[in-house]
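A.B. asks: Build the full structure now, drawing on both the sequences and the hints.
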Amino acid sequence: MSVVRAMALRAVLGQPETLSQHQPDSARRTWMMVCLLFLLGVGLRVTHLDLKTAWMDEVSTVIFSLGNSSYFLPTEQVVDLEALLRPLIRDASAAPIDSARYLLQENNHPPAYFMLAHLWMDWFTADGAVASLAVSRLFSALLGSLSVPAIFWVAQNTFQSSTAGLLSAAFMAVSPFSLFLSQEARHYGLGITLISLSLGCFVVATRAVLTAKTPDWLLCGVWVLINAFAFANHYFSALTFAAEGLVLAAIAIQQVRQRRLATLWQPYWRPIYAVAAATALSIFLWLPVLLNFHGSPQTTFLRESGPLMRWINPLAQTLAAILTSFVTPANFFAQTPFDFVFIGVTILLTLLFIFKFIPALIKGAKSLNQVPQGHIGLVVVGGFWVAMLGIFAFICYVYGSDITRGLRYKFTYYPALMVLAGGIFAQYWQGRSPRAPLSVSLPFSRRRVSGRRFVQFTWVAGLISALMIINNLAFPKYYAPDRFIPYIQTHSAHPIVLASTEKVFEQPTVIGAKFLSLAWEIDRHFSPDHASSGWQVAPQFFTLKQGYGTDQPVTQRFTRLVNQLSMPADVWVIRSEIDENDPLIIEKPEICQLAPETPQGNKGGYLYIHFQCGANVS
Numbered sequence: 001m002s003v004v005r006a007m008a009l010r011a012v013l014g015q016p017e018t019l020s021q022h023q024p025d026s027a028r029r030t031w032m033m034v035c036l037l038f039l040l041g042v043g044l045r046v047t048h049l050d051l052k053t054a055w056m057d058e059v060s061t062v063i064f065s066l067g068n069s070s071y072f073l074p075t076e077q078v079v080d081l082e083a084l085l086r087p088l089i090r091d092a093s094a095a096p097i098d099s100a101r102y103l104l105q106e107n108n109h110p111p112a113y114f115m116l117a118h119l120w121m122d123w124f125t126a127d128g129a130v131a132s133l134a135v136s137r138l139f140s141a142l143l144g145s146l147s148v149p150a151i152f153w154v155a156q157n158t159f160q161s162s163t164a165g166l167l168s169a170a171f172m173a174v175s176p177f178s179l180f181l182s183q184e185a186r187h188y189g190l191g192i193t194l195i196s197l198s199l200g201c202f203v204v205a206t207r208a209v210l211t212a213k214t215p216d217w218l219l220c221g222v223w224v225l226i227n228a229f230a231f232a233n234h235y236f237s238a239l240t241f242a243a244e245g246l247v248l249a250a251i252a253i254q255q256v257r258q259r260r261l262a263t264l265w266q267p268y269w270r271p272i273y274a275v276a277a278a279t280a281l282s283i284f285l286w287l288p289v290l291l292n293f294h295g296s297p298q299t300t301f302l303r304e305s306g307p308l309m310r311w312i313n314p315l316a317q318t319l320a321a322i323l324t325s326f327v328t329p330a331n332f333f334a335q336t337p338f339d340f341v342f343i344g345v346t347i348l349l350t351l352l353f354i355f356k357f358i359p360a361l362i363k364g365a366k367s368l369n370q371v372p373q374g375h376i377g378l379v380v381v382g383g384f385w386v387a388m389l390g391i392f393a394f395i396c397y398v399y400g401s402d403i404t405r406g407l408r409y410k411f412t413y414y415p416a417l418m419v420l421a422g423g424i425f426a427q428y429w430q431g432r433s434p435r436a437p438l439s440v441s442l443p444f445s446r447r448r449v450s451g452r453r454f455v456q457f458t459w460v461a462g463l464i465s466a467l468m469i470i471n472n473l474a475f476p477k478y479y480a481p482d483r484f485i486p487y488i489q490t491h492s493a494h495p496i497v498l499a500s501t502e503k504v505f506e507q508p509t510v511i512g513a514k515f516l517s518l519a520w521e522i523d524r525h526f527s528p529d530h531a532s533s534g535w536q537v538a539p540q541f542f543t544l545k546q547g548y549g550t551d552q553p554v555t556q557r558f559t560r561l562v563n564q565l566s567m568p569a570d571v572w573v574i575r576s577e578i579d580e581n582d583p584l585i586i587e588k589p590e591i592c593q594l595a596p597e598t599p600q601g602n603k604g605g606y607l608y609i610h611f612q613c614g615a616n617v618s
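Counting in our numbering, the sequence shown runs from 1 upward without gaps.
The hints are simulated quantities; they were obtained by calculation from the structure and are not laboratory data. Be aware that one or more of the hints could be misleading.
Claimed, not checked - Below, in silico cross-link-like pairs of lysine-lysine (DSS-like), each with a Cα-Cα straight-line distance of 27 Å or less: (1) 503 with 603; (2) 514 with 603; (3) 503 with 477; (4) 477 with 545; (5) 514 with 477; (6) 545 with 514; (7) 477 with 366; (8) 356 with 366; (9) 514 with 503; (10) 603 with 545; (11) 545 with 503.
C.D. replies: So this is what it looks like as structure tokens:
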């Protein structure tokens, strides 16, 4: 009887039989493997953190993490590099509450990550120093690395298998999707970890409900805290909670059909109701903040798409999110024939991988479904994943906001995909012979490899993809100031002035992030203090506001600032939109003219207008 009770307890708490107390050696080996995989995940995520340039979202994250405002950016005046970087300079008097205050005034994200990052930046940044991009990214990388042991726990409990847990952790450690999110100075690395933990609590509680056992109240309390923290980290976490609720609702409906309505008042449902109510309360507390951003330009960009792409994009982006969870081709900026060949080869290999990988996943899922514990895991986590896809489809096709345009938003269901992969790969892992049922044929060949070899090949493909990401051969930043800066140096005959126009709206707005990404790169790798920086003289900068709160036309203010410059000068104006009626096309040729060779264009993702200014311009 004691053995039966122990097995029942393991069923309720989700403790796999393979890790029970009478197998201490197996448990010890398993946890050693988890630790090694965690160290691998950490090692990959902290490598070359300063290699890629900062992009505008990272800039805004660092501004608020320092307890600064984007409106610290000097406007309507000509300044040097140090003055321009004021929003990225640490002020020791700033506190975590300043991070929250400025964030809620100017951005549409909750403040949990930014307040924690403020403490982190305080520890590693001297007062009055420009923030380090590597230090900023390190915080996210470490938090994202915690998803490796977290996903082991989730997959282990989902399929009652330590093998499934280890394989999920192994693929999470090298996953390109997780790696590129964790290496950004953003809150998505933490988001993946928190969603993994929420999913784990959901799995344990749901398995208990399926066996008519009362979920542990302590576990449910931790679940609520994780959900509250996850929502305070990113509002889209609510989509995860909604999908968990849909799965539990489907289970409730099934139980009502089998046991009538009274089953919903059974003791094992009460902790679930408590979690739902407490989680909903933790969300409603943020309602005033959410309403403040209704109509903000930061919440409406997802509606900007043509009618055809509105239908195609969500499908393509979702497929891309699934595939990049495991492998990615190289997609960096190619400059040499070797670069083009390398990219072409990786694309070809990726296509071959997809050709074999997707059918293998489907076949493995069918095999997993025939195993009792595998079937339960597929019902719970597979049902959650399908519910998430349905929620995304509803938002994209019914509500009209294509949230798949931001690949990063897949953090809301990405951990479930890794859990399912662990369960499926665990089925293949059992096959040691190419003649076993779960073997895979090689492309353009009659030869087959064993299921275990297929898992190993897939993991190595993920590892190679991870190595390409950390060496900037995949998932490059959209903006490339390291390309734009040498370009303007090469195409300028006079001292250089960089300018920007920043749109200001009545709703909360972040300004200057794109312009500061350029200035930050100059400070990092093209500092005027270094002889090899490429500057004839130190560049100057100025920023003009456009839109809400501005009275004078931008052309008039532009002319006023240009007249303050030492002439002649090459003025490069960063613009978000350029057309023939742009107000920056100066009507007074004695002040400025469009440069004859590079008047306007796009370099490194920066749209620009290039003026040559001075009394001697002809």
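A.B. asks: Next, verify each hint and record whether it holds.
C.D. replies: We went through each hint and held it up to the structure:
Note on residue 503 and residue 603: the hinted pairing holds, with a Cα-Cα distance of about 21 Å set against a maximum of 27 Å. With a CA separation close to 13 Å, the supplied pair residue 514 and residue 603 stays within the 27 Å bound. Between the alpha carbons of residue 503 and residue 477 the distance comes to roughly 23 Å, so the proposed pair stays at or under 27 Å and holds. For the suggested pair residue 477 and residue 545, the alpha carbons sit about 26 Å apart, so the restraint of at most 27 Å is met.
Simply put, residue 514 and residue 477 have alpha-carbon atoms about 12 Å apart, close enough for the 27 Å limit, and the pair holds. Of the supplied pair hints, the one linking residue 545 and residue 514 holds, its CA atoms being roughly 14 Å apart against a limit of 27 Å. Of the pairs offered as hints, the one joining residue 477 and residue 366 is violated, with about 39 Å between alpha carbons and a cut-off of 27 Å exceeded. Pair hint residue 356 plus residue 366 holds up; C-alpha atoms about 16 Å apart against a cutoff of 27 Å.
With a C-alpha separation of about 12 Å, the suggested pairing of residue 514 with residue 503 holds against the 27 Å cut-off. The suggested pairing of residue 603 with residue 545 holds, with an alpha-carbon distance near 23 Å, which does not exceed 27 Å. Pair hint residue 545 plus residue 503 holds up; C-alpha atoms about 6 Å apart against a cutoff of 27 Å.
Hint check: a violation occurs at hint 7 only; the rest are consistent with the structure.
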